[in-house]
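**Q** For reference, the chains in residue letters:
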Amino acid sequence: MASSDLIVVFPGTPSPDLARTLDMGGYRWKAVSGADEAIKTEPKNGWMGAIIACDEESEAAWAFARALRKRDNPVSAVLLLVSGAQLSDLELRDDLFDDFCLTPFHPRELEARLRHLFSGSSEGAAARPELVEHSGLVLNLETYQASFNGASLDLTFMEYELLKFLAQNPGKVFTREMLLSRVWGYEYYGGARTVDVHVRRLRAKLGEEHANLIQTVRSVGYRFGQGRWGS
Amino acid sequence: MLDQHRDYVLRTVEERGVRLVRLWFTDVLGTLKSFAISPAELENALNDGMSFDGSSIDGYSRTEESDVLAIPDPNTFEVLPWVDPKSAEARVFCDIHNLDGSIFGGDPRQILRRTLDAARAQGYEFLIAPDMEYFYFETPKRGELPVPLDEGGFFDLTTTDVASSLRKETIRTLEVMGIPVEYSFHEDAPSQQEIDLRHTDALSMADSVMTFRMIVKEIAAMHNVHATFMPKPLEGVQGSGMHLHLSLFKGDENAFYSADDANNLSADAKAFMAGLLRHAAEITAVTNQTVNSYKRLVPGFEAPVHISWARNNRSGLIRVPIPKRGNPSATRIEYRSPDPACNPYLAFSVILAAGMKGIREGYELPAEAGANLFQMDDAELAKLGIHQLPQSLNDALKVMEQSELVRETLGEHMFDWFLRNKRREWMEYKTQVTPFELNRYLKSL
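Here the protein sequences line up with chains R and F, keeping their order.
Heads up: the first sequence runs through residues 3 to 233, numbered per our numbering.
Heads up: the second sequence runs through residues 7 to 451, numbered per our numbering.
Rather than coming from a laboratory, the hints here were simulated on the basis of the structure.
Take the hints with a grain of salt, since some may be wrong.
[Unchecked claim] Within a straight-line C-alpha distance of at most 25 Å, the following computed SDA-like cross-link-like pairs (lysine to any residue) qualify:
| hint | chain 1 | residue 1 | chain 2 | residue 2 |
| --- | --- | --- | --- | --- |
| 1 | F | Lys256 | R | Gly193 |
| 2 | R | Lys72 | F | Met220 |
| 3 | R | Lys72 | F | Lys174 |
| 4 | R | Lys42 | R | Leu94 |
| 5 | F | Lys174 | R | Asn151 |
| 6 | F | Lys92 | F | Met220 |
| 7 | F | Lys92 | R | Gln147 |
| 8 | F | Lys174 | R | Ile216 |
| 9 | F | Lys256 | R | Lys46 |
| 10 | R | Lys46 | F | Leu16 |
| 11 | R | Lys46 | F | Arg12 |
| 12 | R | Lys42 | R | Gly187 |
| 13 | R | Lys166 | F | Glu21 |
| 14 | R | Lys72 | F | Asp13 |
| 15 | R | Lys72 | F | Val153 |
| 16 | R | Lys72 | F | Asp9 |
| 17 | F | Lys174 | F | Val153 |
| 18 | F | Lys256 | R | Met180 |
| 19 | R | Lys166 | F | Arg22 |
| 20 | R | Lys72 | F | Arg366 |
| 21 | F | Lys174 | R | Val199 |
Could you put together the complete structure from these sequences and hints?
**A** Here it is, written out as structure tokens:
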């Protein structure tokens, strides 16, 4: 189904440069100040895409990106505007955006990126994998269902999100802070212990024999699956 | 976030073919209540709640208006592992509201939420790990004494096999429900078991205690065994406690830990302990709410009797365990009086409120009671300024009634109802003529 031709822009008062570039490019757009507004004002057949300026309120911007992507019908073309100092924030958030542009941007560059983004967005969405499989664990991203060695594994939403993130990045070591910011987002108050509690619940559900699928890396954090050296 | 949670729950119900969703909530006395809805009703319930007549629930009835609204907390959605997957069932805990959307004063879960929010506003998160004790008995017949499994000729297996296989099955079920277990073992008393849960935030833990009691009983019943959380089911052997390991966190730091103190206890830890000690008598009716609870709180059975604290003395009310290898994040205190028949939501609420009052008002921690208090007489104890916990439900209610702290924490509705209900329990008990009296007096007087 073809989407609308309307782009949603965050935050609610875009920079004059951005507004001008969009207008000059002939795009129809609407600026919103938060996810609630974006959902309330969304056209019937969905936003064509989203442009999210992260360089002012970065936490709110990530929360906004998360809200657009983590839902049944995610916005398929998301472009971020980030400053050079924020490049490290992009790491492990590949699922939240399709392209980005450094600020201050050159209008011609942004235009080129937008053209490219919106020409291929539908294929981009379809290419996203629907299954994550690792060591007997299967996560179906479409249906939210998890199974382990063929038996279904009943998880709460946050357990599912954490396991998905870990299983998508096997062998990598994550700090608790990283997991908290990437899986929970910033709106969470429980602190890094929240991560420990959820890891323990996941291990309990996986069962004693498989609890080491999520390994504790001493004084660092956690790693999913075998380490590179088979530890 | 809430929307994603709801979507996730609805999706899971569809994908797993869940036929019934059980809405769980708790009455004032801590009994698990439930009603079932069909998957078709779930979306509506998640958005707007389900109304039901509260007048049949203990502590829910009010004179004017008896309908209340149960709003499921999608965080707590779990498929029930002991139900045949072909007709799968799930449970979700609910918060109870009035029809106008305001918080219902008779809902223990929301009282705990409110108490936790108040602590959070001062920067503290409250973590709890309980040691759950209980007994397995042969299915009881009315009026007969309970028969421990260890004594009866139970099937062909040795009784240890039965109890330990029951315990194993229970632990597996707990873990599948997302309740991690730390240790488990056969306790000293015949047929008594202990399962220690891993710490988590107090609200999840109160939910977990409710689920725990349900699972222990359910698994036992499937094998024609009766599990009980009655605090003192057998005379002359130790009763069942629910020792609570407590800690406060500030951000990612354990607020109870200090590197500068000889015992590694921070000023917050000491003030929290002082608060618990000063208000211990007031909150005992809540942490030990049955007539039978006070048969456990007697000398000689590892249960606390005196309001005191110590590092490694199990006769005190508060014990400060020494964390392994001085791991700061494991610093905690152990509050030893509660029993597993309490309402965990209310017990956790009054404990936190007492401790936080100590912190807020900078209470001074009394000296550690090093010696074994059971060996001292009243005069020696009085010299140390050490008092006893209430000796009966009646004593406990009298102290509670005067307590501003408990009144404020529970709110008027809950406070009044609890006192009324428990007074009635005491009056009924008082009219009983017990076997003790018959044995002692019938012939001799």
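**Q** Against the structure shown, which of the earlier numbered hints fail to hold, in ascending order?
**A** 2, 3, 4, 9, 15, 20
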